[in-house]
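So the protein lines, in turn, are chains A and B. Going by my numbering, the first residue of the first sequence is number 1, and it counts up by one from there. Going by my numbering, the first residue of the second sequence is number 1, and it counts up by one from there.
In case anyone wonders, no lab produced these hints; they're calculated from the structure. Each residue gets a CB set at the ideal place from its N, CA and C atoms; glycine is no exception. There's no promise every hint is true.
Think about it this way: if two alpha-carbon atoms lie no more than 16 Å apart in a straight line, the pair counts; the simulated EDC-like pairs of lysine to aspartate or glutamate are [stated by the list, open to error]:
no., chain 1, residue 1, chain 2, residue 2
1, B, Lys353, B, Asp322
2, B, Lys394, B, Glu291
3, B, Lys390, B, Glu291
4, B, Lys187, B, Asp322
5, B, Lys13, B, Glu250
6, A, Lys363, A, Glu140
7, A, Lys363, B, Asp89
8, A, Lys368, B, Glu91
9, A, Lys398, A, Glu330
10, A, Lys363, B, Asp140
11, B, Lys73, B, Asp149
12, B, Lys394, B, Asp287
13, B, Lys187, B, Glu310
14, B, Lys187, B, Asp309
15, B, Lys390, B, Glu285
16, A, Lys368, B, Glu92
17, B, Lys73, B, Glu56
18, B, Lys378, B, Glu352
19, B, Lys390, B, Glu368
20, B, Lys197, A, Asp164
21, B, Lys353, A, Asp16
22, A, Lys149, A, Glu361
23, A, Lys363, B, Glu91
24, A, Lys363, B, Glu92
Just so you have them, the derived chain B footprint on chain A, three or more residues with Cβ under 8 Å [claimed, not checked]:
no., stretch
25, 4 to 10
26, 33 to 42
27, 190 to 196
28, 301 to 307
29, 323 to 334
30, 378 to 384
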Amino acid sequence: MASTVFFQGGTLVLNDFGATEQPPQPFQWIKGHWRCEAYHYGALRSWFSENHIRDTVPRWEQLNYALHDSRQPHAYQQAALDAWENAAHQGSIVLPTGAGKTFVAIHAIHRVNRSAVVVAPTIDLLHQWYARLVNAFQTEVGVYYGGEKLVLPLTVTTYHSASDLIAQNGNAFKLLIFDEVHHLPAPSWGETALMSPSPFRLGLTATYPEEHEQADGRWRLEDLLGPIVYTEKIDDLVGEQLAEYRTERIRIDLTPAERQRYDADFAIYSNFFRSRQLQRTHGAGWLMELMRLSAFDHEARRALLARQRLQALLSNAEGKWTVLDQLLREYFHEQVLIFTENNAVAYAIARHHLIPIITHETKAAERKHILDHFQTGHYRAIVTSRVLNEGVDVPEAKVAIVLGGTASAREYIQRLGRVLRKVGNRQAVLFEVIARNTVDEGKAQRRRPRKAY
Amino acid sequence: MLTGDLIRPRLRKRGDQIQVDWLPDNPFWRRSAQDLITLFSQCLHQPRAQWERAVEKYEGERTDYIVLRGLAKVLSDAADFTPLDMSLDPEELRRFLFAQGPVFPQTDLFHPQSRQAVLQSSAQELGLTPDQLEHFLFADRPIENILADLGPAWTPETLIARYNLELARGVLYWASQLTIDIYDSYKDFWRYLKLFKLMFAASPHPQAGYHVILDGPISPFVQATTRYGRQFAAFLPALFLCDRWQMNAEIHIPAYDAVLQYHLDNHSTLLSHFKKSGEFDSRLEADFAAEFGSKFGETRGHWQLAREDEVILLGDTVLIPDFSFTHRKDGRRAIIEIMGFWHPEYLRRKLEKVRAANRHNLLLLVYEGVNLAKTALKDIPGEVLYFPNKPVLKDVLEAVERVAE
Numbered sequence: 001m002a003s004t005v006f007f008q009g010g011t012l013v014l015n016d017f018g019a020t021e022q023p024p025q026p027f028q029w030i031k032g033h034w035r036c037e038a039y040h041y042g043a044l045r046s047w048f049s050e051n052h053i054r055d056t057v058p059r060w061e062q063l064n065y066a067l068h069d070s071r072q073p074h075a076y077q078q079a080a081l082d083a084w085e086n087a088a089h090q091g092s093i094v095l096p097t098g099a100g101k102t103f104v105a106i107h108a109i110h111r112v113n114r115s116a117v118v119v120a121p122t123i124d125l126l127h128q129w130y131a132r133l134v135n136a137f138q139t140e141v142g143v144y145y146g147g148e149k150l151v152l153p154l155t156v157t158t159y160h161s162a163s164d165l166i167a168q169n170g171n172a173f174k175l176l177i178f179d180e181v182h183h184l185p186a187p188s189w190g191e192t193a194l195m196s197p198s199p200f201r202l203g204l205t206a207t208y209p210e211e212h213e214q215a216d217g218r219w220r221l222e223d224l225l226g227p228i229v230y231t232e233k234i235d236d237l238v239g240e241q242l243a244e245y246r247t248e249r250i251r252i253d254l255t256p257a258e259r260q261r262y263d264a265d266f267a268i269y270s271n272f273f274r275s276r277q278l279q280r281t282h283g284a285g286w287l288m289e290l291m292r293l294s295a296f297d298h299e300a301r302r303a304l305l306a307r308q309r310l311q312a313l314l315s316n317a318e319g320k321w322t323v324l325d326q327l328l329r330e331y332f333h334e335q336v337l338i339f340t341e342n343n344a345v346a347y348a349i350a351r352h353h354l355i356p357i358i359t360h361e362t363k364a365a366e367r368k369h370i371l372d373h374f375q376t377g378h379y380r381a382i383v384t385s386r387v388l389n390e391g392v393d394v395p396e397a398k399v400a401i402v403l404g405g406t407a408s409a410r411e412y413i414q415r416l417g418r419v420l421r422k423v424g425n426r427q428a429v430l431f432e433v434i435a436r437n438t439v440d441e442g443k444a445q446r447r448r449p450r451k452a453y
Numbered sequence: 001m002l003t004g005d006l007i008r009p010r011l012r013k014r015g016d017q018i019q020v021d022w023l024p025d026n027p028f029w030r031r032s033a034q035d036l037i038t039l040f041s042q043c044l045h046q047p048r049a050q051w052e053r054a055v056e057k058y059e060g061e062r063t064d065y066i067v068l069r070g071l072a073k074v075l076s077d078a079a080d081f082t083p084l085d086m087s088l089d090p091e092e093l094r095r096f097l098f099a100q101g102p103v104f105p106q107t108d109l110f111h112p113q114s115r116q117a118v119l120q121s122s123a124q125e126l127g128l129t130p131d132q133l134e135h136f137l138f139a140d141r142p143i144e145n146i147l148a149d150l151g152p153a154w155t156p157e158t159l160i161a162r163y164n165l166e167l168a169r170g171v172l173y174w175a176s177q178l179t180i181d182i183y184d185s186y187k188d189f190w191r192y193l194k195l196f197k198l199m200f201a202a203s204p205h206p207q208a209g210y211h212v213i214l215d216g217p218i219s220p221f222v223q224a225t226t227r228y229g230r231q232f233a234a235f236l237p238a239l240f241l242c243d244r245w246q247m248n249a250e251i252h253i254p255a256y257d258a259v260l261q262y263h264l265d266n267h268s269t270l271l272s273h274f275k276k277s278g279e280f281d282s283r284l285e286a287d288f289a290a291e292f293g294s295k296f297g298e299t300r301g302h303w304q305l306a307r308e309d310e311v312i313l314l315g316d317t318v319l320i321p322d323f324s325f326t327h328r329k330d331g332r333r334a335i336i337e338i339m340g341f342w343h344p345e346y347l348r349r350k351l352e353k354v355r356a357a358n359r360h361n362l363l364l365l366v367y368e369g370v371n372l373a374k375t376a377l378k379d380i381p382g383e384v385l386y387f388p389n390k391p392v393l394k395d396v397l398e399a400v401e402r403v404a405e
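Full structure from sequences and hints, please.
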């Protein structure tokens, strides 16, 4: 009987190939079959054909998509693509932030013209890739993560979900692209690259991991993807990212009823916090410790609940609604982004003002629709609960309103520096709406950009 | 299944062992379980959000909220939540309404229409009421799904038992490998193993039973992947269908930096909610066994009939012959596989296995009308016996005499 090779859960398995025969090195005799990691597929292909082993692995197809992006690649993007092609379509391209890595990947997909999967670190970036690929190829694009699972010849997934996708459908893609590939050396994420038979592999990053970041049980990118095929250091590409905008802080007062509830809960919370000195004993991990204690310590449980009530109250304070109402009226002719502390408030605002909303529940297609139509001015405002995070392209807005948020200074700058851009002489503006004499003020203080920026 | 955050706090480390802090079936917990069951049934035909609020309210300031959430999750998981029946796609509605936003309760120069007025005119245009628009706007959120069916008829006892089972399963999320010894009732074990697409390496014990190591395709090539933990967890209740077994798992929980052992065996009081397969795969088998029983009984004749008492290990699969005959005096054995009216693909795989088993004491009983060319059975080791309607016992016994060894 003729031998065949098939793909099974991230491995290659030889069928009807005897235990006494000797296949090449990577194969091992395990559970009655010769098996190896699917990753070796590219190197084994010639051996399969020389030995008349029927190869049932590839399930990828030709794409034949027209490229709907008239922009010409820059010289360095062209050079990067050529270098990758000359390296047998294997390896990483290192480009600074803002140098158009996505654009390079789109051209790589177009040149290869075979089914491809893109692995992105976060769901936000997944959505961004989805939108870019749909725009570039004007075709339906698959998305595979917790919320949606649709596998198409061109599919986007996250590092987290990639292993399931690859285990089941790894052989559906000839080209495997890792965005922000410096995440790949992590033990479980690297396994994904090992389980994929895709002969063509592309890694993209601005910060290629150091040697020590690829050792001690972590994967080596070179083993998984191939070497660095191209590096470009364009110092000035980054510098102009930070937009010019001003911050205005609007302080509101809690209503008497809110103040009463606030003070009562704050007393419970702060008394516990002080008496146990959690911050001194547990540093930045104090919240984790509080949660751990709350499962058996009644005082801790009460403190945690008080803290949750405080946050709910602040995120939903009446004064913030009033200010939001005023700002939306005042800036009725501008594109406005509203950031809330949590989903519940975001949905309440969306309902109250009839404003499109983006949260982690929002599906890729609706999200793209909202962002596209915000860009054209069809939608005037978007409300979101912190999902438009760093590294994600969000449409430019002239006005951002932050109704809460615990973001660090760095995240804050990265997030809003992208969002708010000065156009002509008109400066963008960021409103922080905070409740006077509450923990909001401390939070906003921490969130303020430091001088260094 | 429970989420990791509801399981981890119920685990205890004892030396290199990890143990589950089982929920005792006592009056206190029965009371809580009963309260939650009652609350849940009150939420029938209501949105999921209402059930979640009810649980939160019930938790109050109790410090055992992790258990309560776990019990509540068991109830939710076994129930059926379905989307609201709508005459309108909520996403379409949002596109339609949001194109008119932002709106405000009060009008001003630039917003001459109040929120109420916008809803009113939109409703009119869509042939609905403003209340319906409010209702449908985010009706596609999971939290708006309606509790349509409560699932099993829970009692406090069954809920606590099921919760404990879910804890036992949950530990396996962090398992890299399962080692199992089973000594009887194999059939369901292998059946569920297949169902959950796990890989195994099995070897027979000298006396009876099998030593089985479970993992997944990529396991042999990486250090200790917990990639298959969810599949192990899903599979676990199948073990409780066996009468005598033990299981050991290697557990890698990031919070403990050591590899821990997790042990379970048939002394655990956990109950399976999986179904035992019916005693017979087909009518043919049932009739055959009945006829044998009525003619020879348990104690008469030379041959003892047994069902599925042997597992033939074949690399990554097994063959479990339908019957075996064992001679009462000299211990000779013959095994029997019946091939009836099955799907051609099933027959093909079955034949592949029969060939791979390469057993000369195998008697293949084949229905004459079977969808299989006679030439396909030419080189079968052992003997093939055709039957027109049902196997003729006399012929079978003669053949058994010939092939038994």
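Results of checking the hints against the structure:
1. B:Lys353 - B:Asp322: holds (13 Å)
2. B:Lys394 - B:Glu291: holds (11 Å)
3. B:Lys390 - B:Glu291: Holds, at roughly 11 Å.
4. B:Lys187 - B:Asp322: holds (10 Å)
5. B:Lys13 - B:Glu250: holds (13 Å)
6. A:Lys363 - A:Glu140: Given that 16 Å is the threshold and the Cα spacing comes to 14 Å, the pair holds.
7. A:Lys363 - B:Asp89: With a Cα-Cα distance of about 14 Å, the restraint between Lys363 (chain A) and Asp89 (chain B) holds, given a limit of 16 Å.
8. A:Lys368 - B:Glu91: Given that 16 Å is the threshold and the Cα spacing comes to 13 Å, the pair holds.
9. A:Lys398 - A:Glu330: holds (13 Å)
10. A:Lys363 - B:Asp140: Status holds; Cα separation ~11 Å.
11. B:Lys73 - B:Asp149: holds (15 Å)
12. B:Lys394 - B:Asp287: The hint holds at about 15 Å.
13. B:Lys187 - B:Glu310: holds (9 Å)
14. B:Lys187 - B:Asp309: holds (9 Å)
15. B:Lys390 - B:Glu285: holds (9 Å)
16. A:Lys368 - B:Glu92: holds (14 Å)
17. B:Lys73 - B:Glu56: holds (12 Å)
18. B:Lys378 - B:Glu352: holds (13 Å)
19. B:Lys390 - B:Glu368: holds (10 Å)
20. B:Lys197 - A:Asp164: With a Cα-Cα distance of about 13 Å, the restraint between Lys197 (chain B) and Asp164 (chain A) holds, given a limit of 16 Å.
21. B:Lys353 - A:Asp16: holds (13 Å)
22. A:Lys149 - A:Glu361: Holds. Lys149 (chain A) to Glu361 (chain A) sits at ~14 Å (cutoff 16 Å).
23. A:Lys363 - B:Glu91: Judged against 16 Å, a Cα distance of about 10 Å means the pair holds.
24. A:Lys363 - B:Glu92: holds (14 Å)
25. 4 to 10: Held - the stretch 4 to 10 of chain A has 3 residues with a Cβ nearer than 8 Å to chain B, which meets the minimum of three.
26. 33 to 42: With 4 residues closer than 8 Å to chain B, the stretch 33 to 42 of chain A meets the three-residue bar; holds.
27. 190 to 196: Contact hint for the stretch 190 to 196 of chain A vs chain B: holds, 3 residues under 8 Å.
28. 301 to 307: holds (count 3)
29. 323 to 334: That given contact holds, which follows from 4 residues of the stretch 323 to 334 of chain A lying within Cβ reach (below 8 Å) of chain B.
30. 378 to 384: This one holds; 4 residues, not fewer than the three required, reach chain B with a Cβ under 8 Å.
In this structure, none of the earlier numbered hints is contradicted; all agree with it.
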